[in-house]
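Residue numbers (our numbering): 135 to 498.
If you're looking for bench data, these hints aren't it; they were derived computationally from the structure.
Possibly wrong hints are sitting among the right ones.
Label-pair ranges, simulated between beta-carbon atoms [stated by the list, open to error]:
id	residue 1	residue 2	range
1	Trp298	Cys231	22 to 30 angstroms
2	Lys430	Ile335	48 to 56 angstroms
3	Arg393	Lys430	44 to 52 angstroms
4	Val329	Gly457	43 to 51 angstroms
5	Trp298	Leu342	18 to 26 angstroms
6	Lys151	Ile334	28 to 36 angstroms
7	Ser343	Lys430	47 to 55 angstroms
8	Gly349	Cys231	18 to 26 angstroms
9	Val329	Gly178	27 to 35 angstroms
10	Gly349	Leu395	21 to 29 angstroms
11	Leu342	Lys489	47 to 55 angstroms
The beta carbon of each residue, even a glycine, is placed where N, CA and C say it ideally should be.
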Amino acid sequence: MGERIEMVNSSTHMKQKINYIVNLRVFACIGVILCHVAANNWYGNIESKRWIVLTAYLAFSRFCVPIFLMISGVLFLRTETRVSFRKIYAHNILKLCVFLLFWGMCYQIYNLTVAQKIYVGEGTLWTLISEGFQNVFRGETQAHLWYIYTIIGLYMIVPLLKPWINNLSKKEIEYFLILYFIFNVIYSVICNLDVEAFKIICNFSSRLSINIVGGYIGYLVLGYYLDAYELPDKMRKICYALGVAGFLFSAVLTVFYSRHLGAVTEIFWNYCSVFVFFWSIAVFVFFRYNLDQCYKAADIIANYTLGIYACHMFVVFELWRNGISTFSFSSIFSVPVITVLVFICALGFTYVIGKIPFLRKWII
Numbered sequence: 135m136g137e138r139i140e141m142v143n144s145s146t147h148m149k150q151k152i153n154y155i156v157n158l159r160v161f162a163c164i165g166v167i168l169c170h171v172a173a174n175n176w177y178g179n180i181e182s183k184r185w186i187v188l189t190a191y192l193a194f195s196r197f198c199v200p201i202f203l204m205i206s207g208v209l210f211l212r213t214e215t216r217v218s219f220r221k222i223y224a225h226n227i228l229k230l231c232v233f234l235l236f237w238g239m240c241y242q243i244y245n246l247t248v249a250q251k252i253y254v255g256e257g258t259l260w261t262l263i264s265e266g267f268q269n270v271f272r273g274e275t276q277a278h279l280w281y282i283y284t285i286i287g288l289y290m291i292v293p294l295l296k297p298w299i300n301n302l303s304k305k306e307i308e309y310f311l312i313l314y315f316i317f318n319v320i321y322s323v324i325c326n327l328d329v330e331a332f333k334i335i336c337n338f339s340s341r342l343s344i345n346i347v348g349g350y351i352g353y354l355v356l357g358y359y360l361d362a363y364e365l366p367d368k369m370r371k372i373c374y375a376l377g378v379a380g381f382l383f384s385a386v387l388t389v390f391y392s393r394h395l396g397a398v399t400e401i402f403w404n405y406c407s408v409f410v411f412f413w414s415i416a417v418f419v420f421f422r423y424n425l426d427q428c429y430k431a432a433d434i435i436a437n438y439t440l441g442i443y444a445c446h447m448f449v450v451f452e453l454w455r456n457g458i459s460t461f462s463f464s465s466i467f468s469v470p471v472i473t474v475l476v477f478i479c480a481l482g483f484t485y486v487i488g489k490i491p492f493l494r495k496w497i498i
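Whenever a hint applies, use it, and build me the whole structure from the sequences.
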């Protein structure tokens with residue numbers, strides 16, 4: 135998420151920006167904030183109209199993580215991009231580890247001193263720091279930082295994934311994506327439904343142990359594929375239709391199935407669900423073919439998206455703590471208004487941090 139949007143062309147040795155990726159990254163960053171703003175009061179009364187509005191905003195925003203993963207696929211798997219074990223570990227992974235430790239500690243301190251109002255004296259400071267380190271390694275950090283663990287793991291396999299993917303034909307990549315769609319995307323939905331036939335299918339699928347098409351790896355390959363190969367106009371329209379349908383079905387099914395269960399459920403919009411899969415493709419394709427222009431504002435903001443991602447929850451917490459939430463006025467308007475407010479505040483905070491050379495290099 136924090137990598138600069140540029141690549142090295144092996145033939146010209148010139149740095150070249152990928153304009154639609156710059157724009158897409160900023161849009162996905164806003165999507166993350168929209169998701170967290172809408173989610174903060176979502177776990178409530180599922181019978182209320184306000185809850186339906188929040189559900190619609192959440193369904194819309196679910197493209198954010200898949201898009202970031204697809205962006206990584208474009209930047210790291212392109213044939214003209216140079217990737218080495220040394221670069222991945224010394225630059226990308228090391229930076230993300232420092233980033234994760236720093237922000238994990240910041241949220242640890244905030245949650246204790248501000249949210250729980252526990253006084254941290256000299257005698258308890260080292261205990262706090264020690265617990266913070268342990269929590270980071272246990273994965274018990276602020277919830278939205280889960281993505282950093284995931285992307286670190288994916289970066290570890292990029293040096294192996296890239297030469298493999300670059301040597302596959304278009305049809306072979308499509309075959310991989312079909313397997314990913316069947317054994318991960320569809321699987322992620324039907325295995326969460328209480329239907330006996332689905333349970334049998336899922337049990338059979340799990341016996342096959344095709345782990346190479348599991349998790350989020352498919353989104354990296356999908357991003358590479360959609361960037362490397364042109365889609366005909368008819369296929370783009372199909373992507374848009376499936377994407378809009380995915381967004382609408384994820385919202386509607388979440389409402390009806392949650393009310394059927396009597397409790398909220400997220401099975402229709404987890405990041406590997408079929409509905410989010412199609413919705414994310416539609417967003418990516420739209421930017422790929424319609425917004426491949428250089429916008430100065432997006433070009434500037436794109437350099438701060440990792441920092442915005444890290445600190446935006448501080449802004450959300452502080453607004454909620456001071457009585458400004460999606461319940462403050464009509465949720466139809468409060469969600470986008472608060473999203474913009476959080477985005478501007480997080481951008482400003484990250485911009486200030488970016489003026490400090492050491493911090494700019496490691497934590498934004």
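Hints versus structure:
Range check, Trp298 to Cys231: Cβ separation about 25 angstroms, and the 22 to 30 angstroms hint holds. The hinted window of 48 to 56 angstroms between Lys430 and Ile335 holds, with their beta carbons roughly 51 angstroms apart. Judged by the Cβ atoms, the range 44 to 52 angstroms given for Arg393 and Lys430 holds: they are separated by roughly 46 angstroms. A beta carbon spacing of about 44 angstroms between Val329 and Gly457 agrees with the range 43 to 51 angstroms that was offered as a hint.
Separated by about 20 angstroms at the C-beta atoms, Trp298 and Leu342 satisfy the suggested range of 18 to 26 angstroms. Checked against the hint of 28 to 36 angstroms, the pair Lys151 and Ile334 fails, with Cβ atoms roughly 50 angstroms apart. Checked against the given bound of 47 to 55 angstroms, the beta carbons of Ser343 and Lys430, roughly 49 angstroms apart, stay inside it. For Gly349 and Cys231, the hinted distance range of 18 to 26 angstroms is satisfied, since their beta carbons lie about 20 angstroms from each other.
In this structure the supplied range 27 to 35 angstroms holds for Val329 paired with Gly178, their Cβ-Cβ distance being about 28 angstroms. Range check, Gly349 to Leu395: Cβ separation about 26 angstroms, and the 21 to 29 angstroms hint holds. For the hinted restraint 47 to 55 angstroms between Leu342 and Lys489, the CB-CB distance of approximately 53 angstroms keeps it satisfied.
Comparing the model with each numbered hint stated earlier shows that hint 6 is the single one that does not hold.
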